[in-house]
Structures are given as C-alpha cells and as structure tokens.
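J.: Sequence:
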Amino acid sequence: MRNASSREWSGEKEDVMEVYRDDRDMVPAAAASAGVHATPPEPEPPLIDVLVLDDSRFDAMQLQRECRSTELPVRVTIASGIEEFRKMLERRRYHVVFIDYLLPDGDGLKAQEYLREEERNGQSPVVMISGEARHDVAVEAIRSGCIDYKAKSDLTREALKGLILRALEEGSKLAQATLRRALDAQREELVLAMRDIVREEISRGTGHHDTGAETLQMLRSYGLVPSGGDEDWSDLLEDPATQFIFRKH
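Take any residue in the sequence shown, note its place counting from 1, add 32, and you have its number in my numbering.
Mixed in with the good hints, there may be bad ones.
Claimed, not checked - Restricting the straight-line Cα-Cα distance to at most 16 Å, the calculated cross-link-like pairs of lysine to aspartate or glutamate (EDC-like) are:
(1) 182 / 164
(2) 182 / 98
(3) 119 / 98
Stated by the list, open to error - Here are the computed distance ranges between Cβ atoms for each label pair:
(4) 118 / 225: 20 to 28 Å
(5) 228 / 118: 42 to 50 Å
(6) 197 / 124: 13 to 21 Å
(7) 171 / 122: 27 to 35 Å
(8) 228 / 119: 40 to 48 Å
(9) 105 / 225: 39 to 47 Å
(10) 204 / 71: 28 to 36 Å
(11) 123 / 91: 18 to 26 Å
(12) 119 / 204: 21 to 29 Å
(13) 189 / 163: 17 to 25 Å
The hints are simulated quantities; they were obtained by calculation from the structure and are not laboratory data.
Virtual Cβ for every residue (Gly too), placed ideally from N, Cα, C.
Start from the sequences, fold in the hints, and give me the full structure.
T.: Written out as structure tokens, the structure reads:
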C-alpha cells in the first residue's frame with residue numbers, strides 16, 4: 033500500500049489525500065509462490081470530502097494543514113473564487129464546506145446560494161468563516177442555514193475535528209429524513225393504486241345481494257382490514273387519511 037503525495041497550491045488548486053492499493057504489494061513473492069495466504073489488510077475508512085472556498089492562499093493552506101492534523105481521513109479540495117467553487121461542486125459530493133465570507137467576486141452568502149442550487153451538494157453542511165469575529169456575519173450565516181460560523185483564528189485542530197464530525201452527523205440525519213420522505217411517497221402511491229384496484233373489484237360485483245359483505249370479505253382476503261370486527265371499510269376508498277392495514281406474514 034502506498035500513499036499518494038499531496039499536490040501543492042502552485043499549478044493545481046485541489047489538494048487530495050488519497051490511498052491507492054495494489055494487491056501485489058501485499059503478498060511477498062516467496063509467500064505467493066509457496067501458496068501461503070497473507071492476512072487480509074484492514075479496510076481503509078471512507079474519505080471525508082472537505083471543500084474550502086477562500087481567496088487567501090495562506091489561509092486556505094493553513095486550514096488544509098489543520099484538517100489533516102485532526103487525523104480524520106479527510107480529502108481537502110480548495111477553490112480560490114466563486115466560479116471555481118461552482119465547478120468544484122459539480123465534481124463530487126462534499127461532507128462539509130467551509131466558505132470565506134469576504135471574497136473578491138462576491139461574499140460567502142452568495143456562494144452558499146450557488147451551493148444550495150446545486151443538485152449534488154444542495155444539502156451539504158456549510159461553515160461560514162471570516163478573518164475576524166463579526167456578530168452580524170454570524171447572525172446572517174446561521175439564518176441562511178450554516179451549521180456554524182467561525183473566525184479563522186478559532187479553527188484549531190480540535191475545533192475542526194468537532195465541526196467535521198458534527199457535519200457528518202447532520203448529513204446522516206438529513207439522509208435519513210430524505211429516505212423517510214421517499215418511503216412515505218412510495219407508500220402513498222401504493223395506497224392510491226390499491227384503492228383503484230379495490231374500486232375496480234367492487235364495480236365488477238358477483239351478482240349477489242349482499243355486496244357489502246362480499247366487499248368486506250374481499251378486503252380481508254387482501255389483508256387490507258382485520259379479519260374480525262365490523263369495521264367501516266368504505267373510508268378506505270374515499271378518505272385519504274384512512275390507511276390500509278397491511279397483512280404481516
């Protein structure tokens with residue numbers, strides 16, 4: 033296993049810490065020829081992608097070094113301006129984004145608006161940063177949806193580690209909420225489709241007089257109402273708030 037060296041600022045704006053694995057490097061030639069099986073290596077932890085928007089080379093590199101010192105498996109990408117920032121947003125999804133408030137081609141709030149409009153990173157946690165602590169900027173940042181606001185001088189190793197872990201937790205909660213909404217939408221579509229099926233079955237009829245009893249029996253056979261009791265099944269077809277009771281196997 034070998035670690036790729038980080039690319040410096042000059043020439044390329046993106047600094048990447050990546051791990052490459054070559055299975056041939058894991059097993060000595062003698063062991064391979066003798067048929068000896070080596071112990072499989074521990075899997076590498078997934079990378080935490082961090083995006084930094086800052087026009088100051090010195091500040092960006094300092095933030096990059098502090099991120100590395102957290103000993104978290106971070107991969108840091110740096111953009112020096114809003115246009116470059118927008119291009120970086122299209123390349124991959126970022127777990128946390130640090131945005132400098134003062135920029136030569138706009139401000140951090142404008143950059144955050146671009147981020148929210150981007151499909152892949154529209155929900156990425158954002159930390160607004162600035163060269164000095166400003167209460168007005170902090171209030172604007174939090175109101176705009178940032179998870180925190182920090183003066184650059186406060187971005188120590190421990191502070192950054194806490195922010196990154198917090199961003200990961202926020203991202204996990206958001207992903208769970210998004211999944212729940214998707215499942216609820218699928219369930220609603222299923223219920224609507226089942227109502228249509230039941231209506232069609234009722235409209236066909238069987239020629240007997242007691243259609244209510246036949247309908248109730250049919251609904252029970254589908255597992256849509258309990259097998260006992262005298263439930264009013266008509267709400268299943270008309271009232272959107274009435275939910276089907278799904279049979280458990």
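J.: Each of the hints needs a verdict: does it hold here or not?
T.: Hint check:
1. 182 / 164: holds, 9 Å
2. 182 / 98: holds, 14 Å
3. 119 / 98: violated, 24 Å
4. 118 / 225: 20 to 28 Å: violated, 41 Å
5. 228 / 118: 42 to 50 Å: holds, 45 Å
6. 197 / 124: 13 to 21 Å: For residue 124 against residue 197, whose Cβ atoms are near 20 Å apart, the range 13 to 21 Å holds.
7. 171 / 122: 27 to 35 Å: holds, 30 Å
8. 228 / 119: 40 to 48 Å: Given a distance of about 47 Å, which is inside 40 to 48 Å, the answer is holds.
9. 105 / 225: 39 to 47 Å: holds, 45 Å
10. 204 / 71: 28 to 36 Å: holds, 32 Å
11. 123 / 91: 18 to 26 Å: holds, 22 Å
12. 119 / 204: 21 to 29 Å: holds, 27 Å
13. 189 / 163: 17 to 25 Å: holds, 19 Å
Hint compliance for this structure: hints 3 and 4 are not met, and every other hint is.
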